[in-house]
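Chains A and B are the protein sequences, given in the same order.
Everything in the first sequence is counted per UniProt numbering, starting at 1 for the first residue and increasing by one.
Everything in the second sequence is counted per UniProt numbering, starting at 1 for the first residue and increasing by one.
The set of hints was computed from the structure by calculation and includes no laboratory data.
Beta carbons are placed, not taken as given, at the ideal position from N, Cα and C, and that holds for glycine.
Honestly, I wouldn't trust all of these hints.
[Claimed, not checked] The following label-pair restraints were derived from C-beta to C-beta distances: (1) A:Arg-143 <-> B:Val-323: 15 to 25 Å; (2) B:Val-261 <-> A:Ala-189: 19 to 29 Å; (3) A:Pro-253 <-> B:Gly-167: 24 to 34 Å.
[Unchecked claim] Covered stretches of chain B (chain A as the covering partner; in silico rule of three or more C-beta atoms under 8 Å from a C-beta of chain A): (4) 9–22; (5) 152–166; (6) 276–285; (7) 288–301; (8) 305–311; (9) 314–323.
Here's the letter readout for the chains.
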Amino acid sequence: MSTELSTTPEPAADPAIPVSRPPHPLAEFWYHFRQNKGALGGLVVILAIAVIALFAGLIAPHDPDIQYRSAILTPPVWQEGGSWTFILGTDDIGRDMMSRLMYGARLSMLIGLIVVTLSLAVGLGLGLLAGFFGGMTDVLIMRAMDILLALPSLLLAVVVAAILGPGLVNAMLAVSVVVIPHYARLTRAAVLAEVNKDYVVASRVAGAGPVRLMLIVVLPNCVAPLIVQATLGFSTAILDAAALGFLGLGAQPPTPEWGTMLASSLQFLQRAPWVVTWPGVAILVTVLAFNLLGDGLRDALDPKLKR
Amino acid sequence: MLRFILTRVSLVIPTFLGITFLTFILIRLVPGDPIEVRTGERGIAPERLAALRHEMGLDRPMWQQFLDYVGNVLHGDFGLSLITHNSVLGEFLTLFPATLELAMCAMIFATLVGLPAGILAAVKRGSAFDHGVMGASLTGYSMPIFWWGLLLILFFSVQLGWTPVSGRLDLVYYVEPTTGFMLIDTLMAGDYEAFRSALGHLVLPTIVLGTVPLAVVARMTRSAMLEVLGEDYIRTARAKGLADNRVIGLHALRNALIPVVTVIGLQVGTLLGGAILTETIFSWPGVGKWLIESINRRDYPALQGGVLLIATSVILVNLLVDVLYGVLNPRIRHAR
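So here's chain A without its partners, still in its complex pose (with noise of 0.2 Å):
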């Protein structure tokens, strides 16, 4: 006990006694998140993901839009009738499905990226202006974010996506639209936990104006339940966008979007499973890597929640 609580030890009084110093928060963080084996794999796939993402247009075997009229509907390689040119077989217009899930990992990965920076940016705001001011500004904010989060959140961005018409861009902004809420509240209840104590008055009272309070004194502090929640966001995001791109509201064919190419597909879900199985297991694979990924962070991030 002692040891691990001298943060100000005095080196000169006995040197025979080791002294250790408290661990850097990263390298305990990575202590915590390295003992859950299910977010490490998480964190693998993605990054794995990831790297197909940005190196599609190298590692592709075929052009996402090429269609070889002579190998329509090619099975899957292990399977009667397949090819090494198709590994995964081809789609009911000749083209590759291996290329076109790998530049389709590029769309999803965007979709996460984008919809996470643009709703974490606005609710984040709105969250730092609900806890901080209080008051009206606080009720006007958190009734409409109650609002939004009294429609389901399908419903909220299905219908978003038809006003603004169908296409990725507009799929997006409404993926972002429907998910503002949870960050706006998250971000509220850790600034209210964090903007009494006593650091954040002694800046104040060192004259620190709301910006600076905001954004560099308590902002910090509230972090660690955004990043998980950003974390678990791409997923929703990616899991939206899909379905809207299912429904035909989201990317447009040829784009291959995996909810897209799923759809566009559908009645030859018969005679050739595999143009609608994998779109659907890249989904599911890369849903699923940033959920246990975002579950061990939220263990290696919130002491509170540990068990």
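Following the hints, put chain B in place on chain A, whose structure we already have.
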């Protein structure tokens, strides 16, 4: 008690007004004049346009239009569908029982499977069973349910031929809709063959729609049970020499159920959202499929009314859960 209920109800009113406002402006965000959208490419004479605008109140200030809209909605007037010219409320009410039946079956399925799985996982913490349940529930939670539905159709309907692919009932049967719940209607008509057909049609959609709630319920039950099992009174109960089943089933479960019930209530929104996908896959004639069709047909009044009605039912269910929760747990009722 009454005071508690009234407070909760009064809190819902601004949310309801907010949703009404949201649906009101959403329709105005659609590019194009509502009348021009209606007349389409045929075009319309300017004076006729002006007359129609006046008739529909579109030339009045926005806030007055909004008040009119709220007034109409409160009188149950959600407008007419552009395509069928039927009342939106009427169309919604004919289709809603189908969605409700599906959603209720999904919730029952999720609870019946998720609750015991969660309890067992908590009791056998760290065992293979626990890991299995947690892995399965995380997978279920990550599942793109539209794809999951297709896989189930492919396997059970196409390959094995066990279940029908779409709809609520085989066409050979006709049952007079009295409650709108196919299972109840067929039973009331005494037509057991039709009942079996209805049940068969329900199985796959129920599983698909229930997957995400099932995962949530199992996870929540497990963590609530783990928390409760660490409490002192559980140790006391064990120390008294009570049987394990009694400690877990009676002492622990009762307290663990409180957060689980809340979570089940909160899943109603997820269910109605998921119904959009599930109904589309299985051609289930409910409000979710109707909503998507309205979008595709650019039937904006139907979309507007449908969204408002679905949102209202979600709000009402959440209110009900809130009040029930207060009834079950006096601490909440008496909190400030």
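- Query: Are there three or more residues in the segment 305–311 of chain B whose C-beta lies closer than 8 Å to some C-beta of chain A?
  - Reply: Holds, because 3 residues of the segment 305–311 of chain B bring their Cβ atoms closer than 8 Å to Cβ atoms of chain A.
- Message: Three residues or more, CB to CB closer than 8 Å: is that satisfied between the segment 9–22 of chain B and chain A?
- Response: holds (count 5)
- Item | Per-stretch coverage check for the segment 276–285 of chain B, three Cβ contacts closer than 8 Å to chain A | Check passed, 3 qualifying residues.
- At the C-beta level, are Arg-143 (chain A) and Val-323 (chain B) separated by a distance inside 15 to 25 Å? 20 Å Cβ-Cβ, so the 15 to 25 Å window holds.
- Message: Assuming the hint says 19 to 29 Å, is it satisfied by the Cβ distance from Val-261 (chain B) to Ala-189 (chain A) or not?
- Response: holds (23 Å)
- Message: Range first: 24 to 34 Å. Now tell me if the beta carbons of Pro-253 (chain A) and Gly-167 (chain B) are that far apart.
- Response: holds (27 Å)
- Query: Per the coverage rule (Cβ-Cβ under 8 Å, at least three residues), is the segment 152–166 of chain B covered by chain A?
  - Reply: holds (count 3)
- Item | Coverage criterion applied to the segment 314–323 of chain B (partner chain A; beta-carbon cut 8 Å; 3 residues) | holds (count 3)
- Item | Verdict on chain A covering the segment 288–301 of chain B, criterion of 3 CB contacts below 8 Å | Since 4 is at least three, the answer is holds.
In summary, this structure violates none of the numbered hints.
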